[in-house]
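Asks: Listed below are the residues making up each chain.
There are 2 protein chains.
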Amino acid sequence: MTGSEPADPAAPAPRRRGRPARTAAGAGPGARERIIAAARAEFAEHGYDKASIRGIAKGAGVDPALVHHYLGPKEKVFAAAVEVAFAPALAVPDQITADGPEQVGERLTRFILGVWDDPVTREPLLAIVRSAVANETAAAVFRDLVASRILGRIADELGVPDAGLRAELAGAHLVGIAMLRYVIKVEPLASAGLDEIVARVAPVVQHHLTGP
Amino acid sequence: MTGSEPADPAAPAPRRRGRPARTAAGAGPGARERIIAAARAEFAEHGYDKASIRGIAKGAGVDPALVHHYLGPKEKVFAAAVEVAFAPALAVPDQITADGPEQVGERLTRFILGVWDDPVTREPLLAIVRSAVANETAAAVFRDLVASRILGRIADELGVPDAGLRAELAGAHLVGIAMLRYVIKVEPLASAGLDEIVARVAPVVQHHLTGP
Numbered sequence: 036m037t038g039s040e041p042a043d044p045a046a047p048a049p050r051r052r053g054r055p056a057r058t059a060a061g062a063g064p065g066a067r068e069r070i071i072a073a074a075r076a077e078f079a080e081h082g083y084d085k086a087s088i089r090g091i092a093k094g095a096g097v098d099p100a101l102v103h104h105y106l107g108p109k110e111k112v113f114a115a116a117v118e119v120a121f122a123p124a125l126a127v128p129d130q131i132t133a134d135g136p137e138q139v140g141e142r143l144t145r146f147i148l149g150v151w152d153d154p155v156t157r158e159p160l161l162a163i164v165r166s167a168v169a170n171e172t173a174a175a176v177f178r179d180l181v182a183s184r185i186l187g188r189i190a191d192e193l194g195v196p197d198a199g200l201r202a203e204l205a206g207a208h209l210v211g212i213a214m215l216r217y218v219i220k221v222e223p224l225a226s227a228g229l230d231e232i233v234a235r236v237a238p239v240v241q242h243h244l245t246g247p
Numbered sequence: 036m037t038g039s040e041p042a043d044p045a046a047p048a049p050r051r052r053g054r055p056a057r058t059a060a061g062a063g064p065g066a067r068e069r070i071i072a073a074a075r076a077e078f079a080e081h082g083y084d085k086a087s088i089r090g091i092a093k094g095a096g097v098d099p100a101l102v103h104h105y106l107g108p109k110e111k112v113f114a115a116a117v118e119v120a121f122a123p124a125l126a127v128p129d130q131i132t133a134d135g136p137e138q139v140g141e142r143l144t145r146f147i148l149g150v151w152d153d154p155v156t157r158e159p160l161l162a163i164v165r166s167a168v169a170n171e172t173a174a175a176v177f178r179d180l181v182a183s184r185i186l187g188r189i190a191d192e193l194g195v196p197d198a199g200l201r202a203e204l205a206g207a208h209l210v211g212i213a214m215l216r217y218v219i220k221v222e223p224l225a226s227a228g229l230d231e232i233v234a235r236v237a238p239v240v241q242h243h244l245t246g247p
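Top to bottom, those sequences are chains A and B.
FYI, the numbering for the first sequence is 36 to 247, going by this note's numbering.
FYI, the numbering for the second sequence is 36 to 247, going by this note's numbering.
These are computed hints drawn from the structure, not numbers from a lab.
Among the clues, some could well be false.
Calculated lysine-lysine pairs in the DSBU-like style (CA-CA distance at most 30 Å, straight line) [to be verified]:
(1) B:220 x A:111
(2) A:220 x B:85
(3) B:109 x A:85
(4) A:220 x A:93
(5) A:93 x B:111
(6) A:93 x B:109
(7) A:109 x B:93
(8) A:111 x B:85
(9) B:220 x A:93
(10) A:109 x B:111
(11) A:220 x B:109
(12) B:93 x B:220
(13) B:85 x A:85
(14) A:220 x B:93
(15) B:85 x A:93
(16) A:109 x B:85
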């Protein structure tokens, strides 16, 4: 290692007064988080196909090379943005199966629809869904996350026969509610109270997961 | 009416030997159908935002002015393309409620998933769904069609309390299955047999429509 070698931009930039670290523009503490936030905004505004690494870099105030350095090619950047957008949903499996399977339908329904009902958590999800519906690469990222990380873990916890298919049918119902209520906005579903929707949907989700 | 007035391009071109009708390029019998077919292809390939009247006219082999003449502005062209793509689904309500409500869940489920299961009828639907998820105007067209023309008619036929919400919850389940099975393609749902899906989903759809 010599003094002329570029500093690793993934490492936190050392804060030494009077001696600026020799990193790419915008590297340093918080750079990865800024890039992911900018990526979410870029994918939300332009969709997967039209989103660009250059646009993400500009939004984050970093050199475009840093986007690749921290996150890799475009599909990896998308995966990272999706993962952050799905963070609330990824917390689901531990919570909903913790106390046994009896109330899993209601807990899963309330949690997922609650995430969609809050505009703050809805917007990034909406952006991801739009990209996943329009683009095969984005769909594959979405598929891995939804199928393996959310539905697959619920299926593992349940330990019933056909658990994978059961979890996906339950998930499909919630995806469909989200589509018609929050994306397409059909009435009266779009304006119905969350409690009424949960009361009607939770028994069905429970049936798919643990019913005969 | 004088001989110098342009012929109405919506009227079938008169077939008089030796005297060509003075219509816009491409007008005449079948022009409307050719334009709608070209519109479906244009919306499927480019999505609502990027689809152009010029591209549709080119695909149909007609003057761009004729697209507007036959169908109106872009959103009306989209609505016409959607209506043709949904023609199989629009036939549903009459069929599924004809013999009473007892088997409506199975009939609706089998019909809608059957339309999605056939690549010929799936492709135009997929194109429409992609446009509706990405664009508000396209979503409004989709909403009118799905909510009023399909789910609303089923609700009217059922004549139960809360029929509108019930039909939308049932529809949401089928939309969600279509999304995860045919668009996102999660496994094992994507590869499961249609009969198994119908067997698991139909009772739930029936419950939403007519259950307690």
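Asks: Would you mind marking each hint as holding or not holding in the structure?
Replies: Hint-by-hint comparison with the structure:
1. With a CA separation close to 20 Å, the supplied pair residue 220 (chain B) and residue 111 (chain A) stays within the 30 Å bound.
2. Restraint check for residue 220 (chain A) and residue 85 (chain B): the C-alpha separation of about 23 Å stays at or below 30 Å, so the hint holds.
3. Between the alpha carbons of residue 109 (chain B) and residue 85 (chain A) the distance comes to roughly 22 Å, so the proposed pair stays at or under 30 Å and holds.
4. With a C-alpha separation of about 33 Å, the suggested pair residue 220 (chain A) and residue 93 (chain A) falls outside the 30 Å cut-off, and the hint is violated.
5. Restraint check: the Cα-Cα separation between residue 93 (chain A) and residue 111 (chain B) comes to about 38 Å, which exceeds 30 Å; the hinted pair is violated.
6. Taken as a hint, the residue 93 (chain A) and residue 109 (chain B) pair is broken in the structure, with Cα atoms around 34 Å apart against an allowance of 30 Å.
7. Between residue 109 (chain A) and residue 93 (chain B) the alpha-carbon distance is near 34 Å, which puts this suggested pair outside the 30 Å criterion.
8. Restraint check for residue 111 (chain A) and residue 85 (chain B): satisfied, since their Cα atoms lie roughly 26 Å apart, inside the 30 Å limit.
9. Only pairs whose Cα atoms come within 30 Å are accepted, and residue 220 (chain B) paired with residue 93 (chain A) is rejected, the gap being roughly 34 Å.
10. A distance of roughly 36 Å separates the Cα atoms of residue 109 (chain A) and residue 111 (chain B); the hinted pair therefore is violated under the 30 Å criterion.
11. Pair hint residue 220 (chain A) plus residue 109 (chain B) holds up; C-alpha atoms about 21 Å apart against a cutoff of 30 Å.
12. Under the criterion of a C-alpha separation no larger than 30 Å, the hint pairing residue 93 (chain B) with residue 220 (chain B) is inconsistent with the structure, at around 34 Å.
13. Among the hinted pairs, residue 85 (chain B) with residue 85 (chain A) is consistent with the structure: their alpha-carbon atoms are about 12 Å apart, no more than 30 Å.
14. Only pairs whose Cα atoms come within 30 Å are accepted, and residue 220 (chain A) paired with residue 93 (chain B) is rejected, the gap being roughly 34 Å.
15. Simply put, residue 85 (chain B) and residue 93 (chain A) have alpha-carbon atoms about 25 Å apart, close enough for the 30 Å limit, and the pair holds.
16. Taking the CA atoms of residue 109 (chain A) and residue 85 (chain B), the gap is about 22 Å. The hint holds against a cut of 30 Å.
In the structure shown, a violation is registered for the earlier hints numbered 4, 5, 6, 7, 9, 10, 12 and 14, in ascending order.
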